[in-house]
Amino acid sequence: MSVLIGGVLLAAGVMLFILEPVFSGKGAPLYDGDDAYDDGAARRRVALTALRDLEYDRATGKLDEDDYGRLRTELSHEALAHLGEEEGGGDGGRGPDRASRELEEEIAQLRRAIREGMQCSGCEHLNRSGARFCARCGEGLGGGG
Amino acid sequence: MTILGEIALWIALPAALWGAVVSFAGGRFGRSDLVLSGERTVHVVTFLLVLVSAGIIAAFLGNRYEYYYVVNYSNRELDTYFKVAGLWAGQRGSLVFWTVLLSGFSSIAVFLNRFRNREFMPYVSGTLLGILSFLLIVLLFADVNPFERLGFTRANGLGLNPQLQNYWMTIHPPTLYLGFTAFAVPFAFAVSALLTGRLDSRWIAVTRRWILLSWFFLTIGIIFGMRWAYEELGWGGYWFWDPVENASLLPWLTATAFLHSIQIQENRGMLKVWNMVLVVLTFLLTIFATFLTRSGLIESVHSFAENLRIAYIFLGFMGGMAIVAAILIIHRLPSLKSENHFQSFLSRESAFLFNNLLLVGVTFAVAWGTLFPLITEGFFGETRNVGPPYFNRVNIPIGLLLLALMGIGPVIAWRRASRRNLLRNFTIPLAAGGVTLGVLLALGIRHGFALATFAIGAFVMTVVVTEFWKGTKARARIAGEGFMSALGNLVGRNRRRWGGYIVHAGVVVLFMGLAGAAFDRLVVQELVPGEAMTVRSALGTEYRLVYESLSHSRPRVAEDVDENDWRWTALMTAYRNGERIGILRPERRFYPVMDQASTEVGISSSALEDLYVIPRELDNQSDRASFEVKLLPLVPWIWYGGMVVAIGTLVGLWPPRTAPATAAVRRRAARGAAPAGAPG
Chain A
17 MSVLIGGVLL
27 AAGVMLFILE
37 PVFSGKGAPL
47 YDGDDAYDDG
57 AARRRVALTA
67 LRDLEYDRAT
77 GKLDEDDYGR
87 LRTELSHEAL
97 AHLGEEEGGG
107 DGGRGPDRAS
117 RELEEEIAQL
127 RRAIREGMQC
137 SGCEHLNRSG
147 ARFCARCGEG
157 LGGGG
Chain B
53 MTILGEIALW
63 IALPAALWGA
73 VVSFAGGRFG
83 RSDLVLSGER
93 TVHVVTFLLV
103 LVSAGIIAAF
113 LGNRYEYYYV
123 VNYSNRELDT
133 YFKVAGLWAG
143 QRGSLVFWTV
153 LLSGFSSIAV
163 FLNRFRNREF
173 MPYVSGTLLG
183 ILSFLLIVLL
193 FADVNPFERL
203 GFTRANGLGL
213 NPQLQNYWMT
223 IHPPTLYLGF
233 TAFAVPFAFA
243 VSALLTGRLD
253 SRWIAVTRRW
263 ILLSWFFLTI
273 GIIFGMRWAY
283 EELGWGGYWF
293 WDPVENASLL
303 PWLTATAFLH
313 SIQIQENRGM
323 LKVWNMVLVV
333 LTFLLTIFAT
343 FLTRSGLIES
353 VHSFAENLRI
363 AYIFLGFMGG
373 MAIVAAILII
383 HRLPSLKSEN
393 HFQSFLSRES
403 AFLFNNLLLV
413 GVTFAVAWGT
423 LFPLITEGFF
433 GETRNVGPPY
443 FNRVNIPIGL
453 LLLALMGIGP
463 VIAWRRASRR
473 NLLRNFTIPL
483 AAGGVTLGVL
493 LALGIRHGFA
503 LATFAIGAFV
513 MTVVVTEFWK
523 GTKARARIAG
533 EGFMSALGNL
543 VGRNRRRWGG
553 YIVHAGVVVL
563 FMGLAGAAFD
573 RLVVQELVPG
583 EAMTVRSALG
593 TEYRLVYESL
603 SHSRPRVAED
613 VDENDWRWTA
623 LMTAYRNGER
633 IGILRPERRF
643 YPVMDQASTE
653 VGISSSALED
663 LYVIPRELDN
673 QSDRASFEVK
683 LLPLVPWIWY
693 GGMVVAIGTL
703 VGLWPPRTAP
713 ATAAVRRRAA
723 RGAAPAGAPG
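Protein sequences appear in the order of chains A and B.
Using my numbering, the letters of the first sequence correspond one by one to residues 17 to 161.
Using my numbering, the letters of the second sequence correspond one by one to residues 53 to 732.
Bound-form chain A, shown alone (with noise of 0.2 Å):
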């Protein structure tokens, strides 16, 4: 009897949680509205992370400077369509998300090392731009040690 009781309860308990919505009309979101995803930030991502991995594999000898120069124009348009498709889009022009505008800072930092930063003459250190003493070694750095 006690069996009967429980499972009546257990049945009338499933029936209330997964009918009550429909009586009381408490609903789902069935949008996000301002979405987590669109296809043009990921597209943009994806081109970014492309480009720093890019400066990295130029960094390493790992690319020559035509195939570097041919894949980073390829893959700068490529970011600078889906930020024009992003921008474009139907609410009103956000900007870059969080991670793109992270990665471009990424980037540009990588590239400002390269070509301003300071090679120690002694060890090779590549430094940051601006450092007057060489990280690695300390031996001083340009004009400025």
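By construction, these hints were calculated from the structure, which means they are not laboratory data.
Beta carbons are placed, not taken as given, at the ideal position from N, Cα and C, and that holds for glycine.
A few of these clues could be false.
Computed cross-link-like contacts, EDC-like style, restricted to lysine to aspartate or glutamate with a CA-CA straight-line distance of at most 16 Å [stated by the list, open to error]:
id: 1; chain 1: B; residue 1: K389; chain 2: B; residue 2: D252
id: 2; chain 1: B; residue 1: K525; chain 2: A; residue 2: D69
id: 3; chain 1: B; residue 1: K522; chain 2: B; residue 2: E533
id: 4; chain 1: B; residue 1: K389; chain 2: B; residue 2: E318
id: 5; chain 1: B; residue 1: K522; chain 2: A; residue 2: D69
id: 6; chain 1: B; residue 1: K522; chain 2: A; residue 2: D80
id: 7; chain 1: A; residue 1: K42; chain 2: B; residue 2: D85
Chain B is nowhere near these chain A residues, computed Cβ spacing over 10 Å in every case [to be verified]:
id: 8; residue: Y47
id: 9; residue: T65
id: 10; residue: E155
Chain A is fixed; fit chain B onto it per the hints.
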């Protein structure tokens, strides 16, 4: 508790059916109340299935021998943890276990996406509840009800198959099933993408971590299974090309292909149809692996044949799903066009595509070999088997090509690789492979596949190590970081890529372990207590085994059946190059309830090889014993490689740093408006 479980099973079916219908209807007609009801149903079904599982376990623990299932897979004397494992010991319980894991993952997926990917979610819930409904119908109406009663109560159960009475029994099946069932979530998202027409890479981005999670469990599940076979089946092998092993390998192969091909879609917008096909195929193969092979349709050491009808039911289900998926994919073909095309044969895309073709090739070869007995029976009326020679002949060469691609893929350029790119990146790894080959040849090794494995392995390992080395050095230089923090940041900022490389390194180690089989040595010898034997391995190590004594866990003539098993244990002291390394306890067991015997081997591992002792005959009266002693070089590397693969997968799986959602965002989301945040 058991009765409550039975009641819960009956309540779960109508609930799941309701949920499936209202979820699809809610999505189709934009009714948020129906969608919420469907999502609540997912959680309710999970709760009910937990009650069902608890009911079955309670029946095992309470020795309820009025239940057919409990009688067939247990006995009073069985250890408690094997009784708990009774839940997945046989077909009926396995079906429940699979269903409860699937509903658990469904609940997690619904919960994690309660504020995001909302367009997908009604169809995701609907698809998952649809699969759950099907499984519940099978459980209740296809003669596999785990709560079926005998009509009388037996004094004791018939016992659990001795081969299953091993601690891996409590670990291996659950791990593998977690892998199988987790894959249903990406499948449900794929169906949802097809139904909603949102066919960009979103469904992949959302489910990427689910795919990796499933792959993680599948991989370690398969490796645990190998370890189990190695310890339990008692002939020093870890893979038998047995139908159930093959069946677990099939979804792993297609999931591996899928993990690679989604990167092409994400990076280049290509292979969209192919990815849909792979996700559907992998899901269907998880069903195949769980149910068809256990149904007795194909004979195997694993299948404890029960019920062929269920095989046909699942075949029908797979066929139905395949047709629905095919119709959906064909219907959406115009939206699944590639955005780019292959620019060159020498590119990373090509390497990935080639990897996919090879993996699918292995899948077909393994499936063909596994189904061959069935096919010959169907067409010629006689069952013919293909054995390990077939599988090895076909799969080893393909495996070696795949291994080589693991070295080529990571360093070849996207789009089009120039000759300079190839020269720059492949000279050193190729030289490493060549040197390895030369050294091994000079050492007198002539085994072709072993030589190829080591040479290619050295090539891939050099690529992986060089990638890490160069990447870390560049980062240290550019960002001005120390070596270790540069390495940490390098991996941390692109976990998928570097995690993938770690996985590749693990696979290399694993392959070398497999190649070690070329150098196995075997000696059979009869000994009396006090005698010793000496064996020398292919690596030059000398092992000496002193047979000390034979111990009996039961009287020599025993009629009692109050023990689960009786044991005859040989004690052997082992010496490696004259140094004592420990005591081995190879053992014969007899299970009176099952009236079956089993062999437990003695294993002593070093970093390079295993000493593996199989007791062949143990004589009760004279204590004379005959032993088969195997020296298995590099077997430990299989397990080390497996660990590295697991670690690499976890690196790829680890969530990225994301800003926690602010209270305001959550409030906004709760009102049904817009949430924000990174995708899953």
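Against the structure, the hints:
no.	hint	verdict
1	K389(B) <-> D252(B)	10 Å, holds
2	K525(B) <-> D69(A)	14 Å, holds
3	K522(B) <-> E533(B)	14 Å, holds
4	K389(B) <-> E318(B)	14 Å, holds
5	K522(B) <-> D69(A)	12 Å, holds
6	K522(B) <-> D80(A)	15 Å, holds
7	K42(A) <-> D85(B)	6 Å, holds
8	Y47	5 Å, violated
9	T65	7 Å, violated
10	E155	14 Å, holds
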